[in-house]
Amino acid sequence: MAYGFETFKTRIEDGVLFAAISSPPLNLIGPEFVSDLLALMDRLDADDEIQVVVFSSTDPEFFIPHVDVARIAEYGKATAKLTGSLSGSLGGVFRRLSEIRQITIAQVEGFARGAGSEFALACDMRFAARETAVFGQIEAGFGAVPGAGAVQHLTRLLGRGRAMEVILSSGDFDADLAERYGWINRAMPQAELEGFVTALAVRIAKFPVSGLTANKRRINDISLPAFADVRTDAALFPQTISSPRGQARTKELFDAGMQTRGDVERDFAGAIGRLKS
Amino acid sequence: MAYGFETFKTRIEDGVLFAAISSPPLNLIGPEFVSDLLALMDRLDADDEIQVVVFSSTDPEFFIPHVDVARIAEYGKATAKLTGSLSGSLGGVFRRLSEIRQITIAQVEGFARGAGSEFALACDMRFAARETAVFGQIEAGFGAVPGAGAVQHLTRLLGRGRAMEVILSSGDFDADLAERYGWINRAMPQAELEGFVTALAVRIAKFPVSGLTANKRRINDISLPAFADVRTDAALFPQTISSPRGQARTKELFDAGMQTRGDVERDFAGAIGRLKS
Amino acid sequence: MAYGFETFKTRIEDGVLFAAISSPPLNLIGPEFVSDLLALMDRLDADDEIQVVVFSSTDPEFFIPHVDVARIAEYGKATAKLTGSLSGSLGGVFRRLSEIRQITIAQVEGFARGAGSEFALACDMRFAARETAVFGQIEAGFGAVPGAGAVQHLTRLLGRGRAMEVILSSGDFDADLAERYGWINRAMPQAELEGFVTALAVRIAKFPVSGLTANKRRINDISLPAFADVRTDAALFPQTISSPRGQARTKELFDAGMQTRGDVERDFAGAIGRLKS
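Quick mapping for you: the protein sequence lines, in order, are chains U, B and S.
Position 10 (the first sequence) corresponds to 10 in my numbering; numbering is contiguous.
Position 69 (the second sequence) corresponds to 69 in my numbering; numbering is contiguous.
Position 155 (the third sequence) corresponds to 155 in my numbering; numbering is contiguous.
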């Protein structure tokens, strides 16, 4: 089928593309994910039948935990396939996602931290499972600035005080607190999440397309940052993550088990808090 | 009395004008409402005694369900009486409302959808009855962009994700959810609503007028959109609502009973979801 | 010790400066507080060891009730010690606080009204005790515009409708409502507050400094107002507070016991509502 990708399992129904992220063992963002997402958006541009895209995960425990820290240069190279003035950064790829014609919904179960949170923030809406979803913007724990949209989106959605807390603490925020802070649209019981999101997606997909596009554009006109800000944040991430202490803390977390299916990834906030470097 | 209008029942007490919308059978926004609102604002401009205006509805089930869809051209003509560079659009009329000297409070019971929600959003504050108030921005269901302020206000109040959900879904949102999303100041029990709003209005009306005006202006300076955006949205509404599918869906809803006191108006979100056109 | 001040009791631990406001009998903002705050910021600029500052109060009932209304000219003179283009206003002093390199957290118990609320708003985050914290922006009750940041921060954090309510009503808002409105990050039980804030501060203080600074700057770039707006509000406060009715209402409140440890300060919202002038 037309929408088969290495890192997404897809299904089309009622004008909705259901794209489940499936990149074992952990759904880390690597070059394959970036390439697939770019190819997916190119196809969506040329597709008249799909009006709404629902992003979920085939792994109930991990939505997207963060980028593959061992492959930053590699996925960075993949972002160069993005055309236009934001080429060459994950922030640019996610900004393109925020501007595609189709309406996008993130259906979040499990951990969505770092660029996983930023991917969800780039979507038009976010709904999350109360029991399992955990959000975190972990970059400050490595001495880094989130490079792919978190600073821009969280400051606008949460306001200055809560954006400061979320970003500077590198802490974990469950779905209920994420809802109270405005990070996501709503938290709901896991048993209801898929049904709710599917019904919403199918409903929207039946509406006249021109109106959806026009409304999305007008909302984006108000709420998305200037390209210069996207580029500034994108440049800050590699610059700040490569500081000596940032590198030492990354190594320490790798040694403790980061990027394996274990305690560090499950309690990332705790692991960051225990770092000695 | 000086404040008698066809579509508002008014009473002045303690420096507060209580203006109850009364335009049977449904409180639809038509040319009479627009003319009355413009005349009311002209009088308020020249009135030193009134410091606060409370808008409510004499119909406990319908605040303002939406514009009178059969009379768009007519009420459009009435908006031409607005002077200044926003003349000729409902968005311009509501923007003028946001900038009058007096402080305005919407006391909402019943359905406030479409331009009814936009009227409430144009007021300085909004309080709603938990049991009966229902908010909806229904234009996308007709392929249209809200033309009278919803895109601007909702994106700023709710943030990008929730504004997308509200506007793109054309769904119903009860008072509690509207409070959680920031659409309204607060939801409260119907039995307490009028007392709360009256006390708040009377309290504010006793404060020095110059301070109220200066504070309102400074808050507006930050939170109201540029005139160019008001005009852009105003132009988008007639353009998008007149698409062939928009017209077909409007006709289908009329045939099902829209604009009568029945199931369609009570379950507008459901009715939109069942459209076949 | 290096951080001894007349109006702050300080303690340094784990890279955190704990600065408890201690200016009996009421923690009013007077010239000593302004001078101390400016001196504190100068020292923090030159200090590499302190990464986070926690502001609390030694008085569990009064965080900062408001400025010392009898000494506006005096503390105004103290603000002239601020260098730069915002010199000469409390709004400029608080803006400087929002931009210091260190991360600042307000730990609020008791009354935080007027410039006390604005001081908390100038901090990077705000956490408050559910049982005792009360927030109020009381200036409109005197016919005045808040001059030290409230209009800017509250409009951005709470949105137009709730900022209008808070500022125009001059009402009291308890910690839970302040959380729902976005005025503070979170309300929590008083018994947990100090432990929570201390743990958060110590956690952040261990992170690489360069990343904290870079993140804070990027969030500030989006969320702080232009200097021209800081100056405009700063000029409006003395101009509006000195109106004849503003002066009469101030005198009436003084006669009733304002600025003593009594009923007026405990029920300021009620006292404003009962004014006859």
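Just so you know, these hints were derived from the structure itself, not from any lab.
It is possible that part of the hints are untrue.
The list treats identical chains as one, so a pair stands whether inside a single copy or across any two.
[Claimed, not checked] List of simulated lysine to any residue pairs, SDA-like, C-alpha gap at most 20 Å:
1) K251 to D229
2) K206 to G273
3) K251 to A271
4) K81 to M41
5) K206 to A269
6) K251 to R71
7) K276 to I50
8) K81 to I222
9) K276 to V202
10) K276 to N220
11) K206 to F254
12) K77 to R231
13) K206 to L275
14) K251 to R101
15) K276 to T198
16) K206 to D172
17) K206 to I50
18) K251 to F227
19) K206 to R180
20) K9 to I50
21) K251 to S210
22) K206 to P189
Nothing here was measured: the structure is a model prediction, and the numbers come from that model.
Item to complete: Hint by hint, work out which the structure violates, then give me just those numbers in ascending order.
Response: 1, 8, 10, 14, 18, 19, 22
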